[in-house]
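Produce the complete structure using the sequences and hints provided.
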Amino acid sequence: MFVGYKFELRERAYQFSVKLIKCLRPLFSDKVYRTILNQPIRSATSISANVCEAKYSGTEKEYARYFEIALKSGNETMHWLRLISDTTESEVKGIEELKKDLEEILKVIAASLISLRRKQKK
13 MFVGYKFELR
23 ERAYQFSVKL
33 IKCLRPLFSD
43 KVYRTILNQP
53 IRSATSISAN
63 VCEAKYSGTE
73 KEYARYFEIA
83 LKSGNETMHW
93 LRLISDTTES
103 EVKGIEELKK
113 DLEEILKVIA
123 ASLISLRRKQ
133 KK
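Just add 12 to wherever you are in the sequence shown, counting from 1, and you've got our numbering.
No lab work stands behind these hints, which were simulated from the structure alone.
No experiment lies behind these values; they were computed from the predicted model shown.
Take the hints with a grain of salt, since some may be wrong.
[Stated by the list, open to error] Okay, derived cross-link-like pairs now, DSS-like style, lysine-lysine, Cα gap no bigger than 25 Å in a straight line: (1) Lys31 to Lys43; (2) Lys84 to Lys67; (3) Lys84 to Lys133.
[Unchecked claim] Ranges between beta-carbon positions, derived for each pair: (4) Glu115 to Cys64: 37 to 43 Å; (5) Phe40 to Arg94: 17 to 23 Å; (6) Glu72 to Thr47: 35 to 41 Å; (7) Glu109 to Gly70: 34 to 40 Å.
C-beta: ideal position from N, C-alpha, C; glycine also.
Following this line, the structure appears as structure tokens:
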């Protein structure tokens, strides 16, 4: 991976977290969603945190582990976004765009993991 490519992923993951928080903020006034909303915020911010942590990992195995956690957090985030999207009476502005952004981030993380595993087998 190129240094710029890694930075781009870190920045995209961070911006995704910011966008998600802003998108979901209007739902916090609804008591039903208040509890549910904590879950996607936690899992989304975990994606960017683990991608950042990977930068300073000591070994490739540790680096891969951070990306595995980020991938799992991303899948969890997608679950929560789908649930919120399917249960809100009025469409949450921007949620479909969030799902597309997340899908792209997950593809990059998954591709990075595949490359790392191939490299480790050599």
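Taking the hints in turn, this is what the structure says about them:
1. Lys31 to Lys43: Holds - the C-alpha atoms of lysine 43 and lysine 31 are around 22 Å apart, at most 25 Å.
2. Lys84 to Lys67: 18 Å, holds
3. Lys84 to Lys133: 23 Å, holds
4. Glu115 to Cys64: 37 to 43 Å: 21 Å, violated
5. Phe40 to Arg94: 17 to 23 Å: Taking Cβ atoms as reference, phenylalanine 40 and arginine 94 lie about 19 Å apart, which means the hint holds.
6. Glu72 to Thr47: 35 to 41 Å: Roughly 39 Å apart at Cβ, these two residues keep to the hinted range, so it holds.
7. Glu109 to Gly70: 34 to 40 Å: 36 Å, holds
In summary, the one numbered hint that this structure violates is 4.
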